[in-house]
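Each chain, letter by letter, is given below.
Number of protein chains: 4
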Amino acid sequence: MQTSPSTQTVNVGGFEIGGPNFTVIAGPCSIESYDQFLETAKGVKTSGAHILRGGIWKMRTSSKDFQGLGSSSFDFIKTVCKETNMTLVSEVTDARQIEEIYDLVSMFQVGSRNMHNYSLLKELGKQKKPVLLKRGFAALINEWVKASEYVTNEGNPNVILCERGIRTFETATRNTLDLNAVAYAKKNSPLPVIVDPSHAVGISALVPDLAFAAAAVGADGIIVEVHPRPKEALSDGMQALTLENFSQMMKKLEKICTAVDKPLHK
Amino acid sequence: MQTSPSTQTVNVGGFEIGGPNFTVIAGPCSIESYDQFLETAKGVKTSGAHILRGGIWKMRTSSKDFQGLGSSSFDFIKTVCKETNMTLVSEVTDARQIEEIYDLVSMFQVGSRNMHNYSLLKELGKQKKPVLLKRGFAALINEWVKASEYVTNEGNPNVILCERGIRTFETATRNTLDLNAVAYAKKNSPLPVIVDPSHAVGISALVPDLAFAAAAVGADGIIVEVHPRPKEALSDGMQALTLENFSQMMKKLEKICTAVDKPLHK
Amino acid sequence: MQTSPSTQTVNVGGFEIGGPNFTVIAGPCSIESYDQFLETAKGVKTSGAHILRGGIWKMRTSSKDFQGLGSSSFDFIKTVCKETNMTLVSEVTDARQIEEIYDLVSMFQVGSRNMHNYSLLKELGKQKKPVLLKRGFAALINEWVKASEYVTNEGNPNVILCERGIRTFETATRNTLDLNAVAYAKKNSPLPVIVDPSHAVGISALVPDLAFAAAAVGADGIIVEVHPRPKEALSDGMQALTLENFSQMMKKLEKICTAVDKPLHK
Amino acid sequence: MQTSPSTQTVNVGGFEIGGPNFTVIAGPCSIESYDQFLETAKGVKTSGAHILRGGIWKMRTSSKDFQGLGSSSFDFIKTVCKETNMTLVSEVTDARQIEEIYDLVSMFQVGSRNMHNYSLLKELGKQKKPVLLKRGFAALINEWVKASEYVTNEGNPNVILCERGIRTFETATRNTLDLNAVAYAKKNSPLPVIVDPSHAVGISALVPDLAFAAAAVGADGIIVEVHPRPKEALSDGMQALTLENFSQMMKKLEKICTAVDKPLHK
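Residue numbers (this note's numbering), protein chains in the order written: chain A, 1 to 266; chain B, 1 to 266; chain C, 1 to 266; chain D, 1 to 266.
The hints are simulated quantities; they were obtained by calculation from the structure and are not laboratory data.
Please note: incorrect hints may appear among the correct ones.
Said to hold, decoys possible - The list that follows gives simulated cross-link-like pairs (lysine-lysine, DSS-like), each with its CA atoms no further than 30 Å apart:
| # | chain 1 | residue 1 | chain 2 | residue 2 |
| --- | --- | --- | --- | --- |
| 1 | C | 64 | C | 78 |
| 2 | B | 231 | A | 187 |
| 3 | D | 64 | D | 126 |
| 4 | C | 64 | B | 129 |
| 5 | D | 126 | C | 187 |
| 6 | C | 128 | C | 82 |
| 7 | B | 64 | C | 78 |
| 8 | A | 266 | A | 82 |
Using the sequences plus the hints, can you model the full thing?
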């Protein structure tokens, strides 16, 4: 009945994900400027985050919405990572982007809308860096696990699954966080599983409670959106925690991780 | 950002639900016999459960399936409650059953398939005992909260909401536990909210993990199915915990409840 | 590959439903007044409707919304049916209502939210009048067909299935009309199947197109909402056809019914 | 109330889609061999199909399933098209495939799992050939229409929308055909809309009924899977019509198309 330890761990920027410790990945939805990214990175590090997240290219429903800074941000991203001694997880939406950001990231993220983009997955299977595979928002658990094999079959075993909410009839929240899937995947796959409570609920005031639930259900970590001034965010401000929210969340999260015998990484 | 305490508590069999302590309701899906019910009741009490659950009449998709013992069980139910000094929560599926079991129960349960049965809800609004209102498996959070007003408007303020999983496209688990809804309802309604992880996932090996998540997300309690020999259960054996599973679950649950400052009732 | 004729027909007010002809049931969502009901009844009859629909008691998400005229409408309903020589289909939401409206209706309707109300279904199984069983908005086809057995097992074989849209992630329309289910039920059940395009889409401008699709897919009839002045309707005005819309729809529907060899009843 | 004619038509292989006539695209799920493709092409042409479909590369949930013949089929595809004087619609799953099959197809298809693959859509926006954009199986109508703008904004106005079923809780059918979405898109977008009943229901015996419904609801055409011997098909045999099924379907479809004033192309 107890949560089995993952049989496989994945090293991201020096942190073992899937082992005895809980990992926190935090940062803005989109990287918007040097100042915004640096302020966020310093803030989340101070509160105990282990790895940075931040979008360079954004997939947007409308072609008219902000699409990310792209290559103009590469230089300052390196600077921020060096200044804070943290590494970055960022999304690739096209196989051609892999090479472009290879030196910038410690893990490639595949977004929910690309979980079925098997061309992209195969390309990532040829890389030497880990892959964070978000569940498609309408993908069966089984399809999600099978999609990971498009990566691992090409020779890259370092895949981390990420539950980020599924699309249901409910409209009060952005998506429906499916922690059944986390419990199920932990018992039926050797891969580490983390949770993105920010996209899963879409309401910043509810993000910490769902992060706590993720820790209690047996996830190996979380990936959360933080912005110094969410109201000014160029994307997804509704779900971003402020630096102070994040700091408060981390204090309670630490207690829960300890209670479930999966303490936060130091 | 912290979970606000419920502004309203409901007393069930001497336990305040919605206050500073976490409540555990446990027992079989169906009450099948004096021996089965007594063994289960004694077992869950020993491990720390506060209130019993057990079905007298069952709603079944097929009219040919076991429909519950009905009135033939009334006498021994009283005996079991007396012997264990516990009270019972049980479902009514028809307004005519309210009077029949009035003296047997400390709380009436309205099942998921009856959440929209407004005639039944109004009738329960005229009673002096609390009502456990399960969310319809396809009900919006808003419809669930509004359904509670069919009870409270008739003069009975003692309603407890219960999230029990919603119907989604996922088929690996019985339903999809919606903890977003628990976090949302806690912030947007004064009513206590508990979670039924058994129906929500339908796989006994995953029930404890989801119970832990329920405690961490801020629920006021859980209601779980326990059977001495799940393989022999007349209904829902797949999701029932054994008495030993339940005992193990309670030990870890206690730690998490303490970590989130909502310790188990004594 | 061709649509098999239903092996069972149900006579409602003189019209065989499930046989070689297509049946149109029309009328207001709620019966609001003698004048409103008479005007609607005369209008739909002129355009070719066979049977009237109209709510006496309404199930509403909020207990504060209009709940129907109830018994105060009984007398004028009889008058309208006599004046137009039509019969009425109306919903019962509680077993106690069956006797109250027994003489008013030619068929009892069980609404979507009561499909799982097995007490009510069993009670209807003891009656001599047909039952229109709407699909629960989150019910599997299999559960819908099985629910009909709660009626037929009690001795009343006269059940008509009604698809009325299911709840999905889509929000542009009120529900998602599931014509797969109609094709499936026609091939896998002996019961007649009709379609309610009004609730299924919830937008009056789209109702006729979906009524045409229902005829083409092989349904035995439709049940549609019509109101002389939809903007003044006390419930569901968004989805009601005007009398003129209805008249136009019937002309095209007639052609399609002829093309699929299931002409409208005379 | 009448279905408005599309304000825009798209010419595919000499047939105007979106105008006064109904278009039928038919062929195998996967192109498996010269013989299989030729036999299918000749058969569907004889029964009145206008354009061929057939997969060259297949997206499969499992990386171990048949992935399509790829480039080894190019030569014989040209031969079959020439012999039957028909053109081919085929799916691209990666931007690099566009150039490879440019001369083989009269229209590029974007599959359901790639609807959100905006890199691919932008690349198709730079081409001179039309694009068939299947709805993501969990995409809102609004997201589907907005995805088409990723193509049109790049300069290619020739997009045809294709409804192919959405993912819901229902499991008796493969997906749930959403004809509400067809009616809605026809009234709210200038693009032609066609329907894929094969993937939408996944059961060959039900495909014709849903094709008829598609014609009645106002779609501009259908795309259906046909295989000479469905039991031997390398993919999706469950939903393929035999050549004889297809022939029968076309006879009834012709009557319905005439009844709704959108006769089949000659």
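Going through the hints against the structure:
Taken as a hint, the residue 64/C and residue 78/C pair is honoured in the structure, with Cα atoms around 28 Å apart against an allowance of 30 Å. For a cut-off of 30 Å, the pair hint linking residue 231/B to residue 187/A stands: about 21 Å separates their Cα positions. With a C-alpha separation of about 33 Å, the suggested pair residue 64/D and residue 126/D falls outside the 30 Å cut-off, and the hint is violated. For the suggested pair residue 64/C and residue 129/B, the alpha carbons sit about 24 Å apart, so the restraint of at most 30 Å is met.
Between residue 126/D and residue 187/C, the direct Cα distance comes to roughly 46 Å. Violation of the 30 Å bound is thereby established for this hinted pair. Restraint check for residue 128/C and residue 82/C: satisfied, since their Cα atoms lie roughly 21 Å apart, inside the 30 Å limit. With a CA separation close to 39 Å, the supplied pair residue 64/B and residue 78/C exceeds the 30 Å bound. Restraint check for residue 266/A and residue 82/A: the C-alpha separation of about 19 Å stays at or below 30 Å, so the hint holds.
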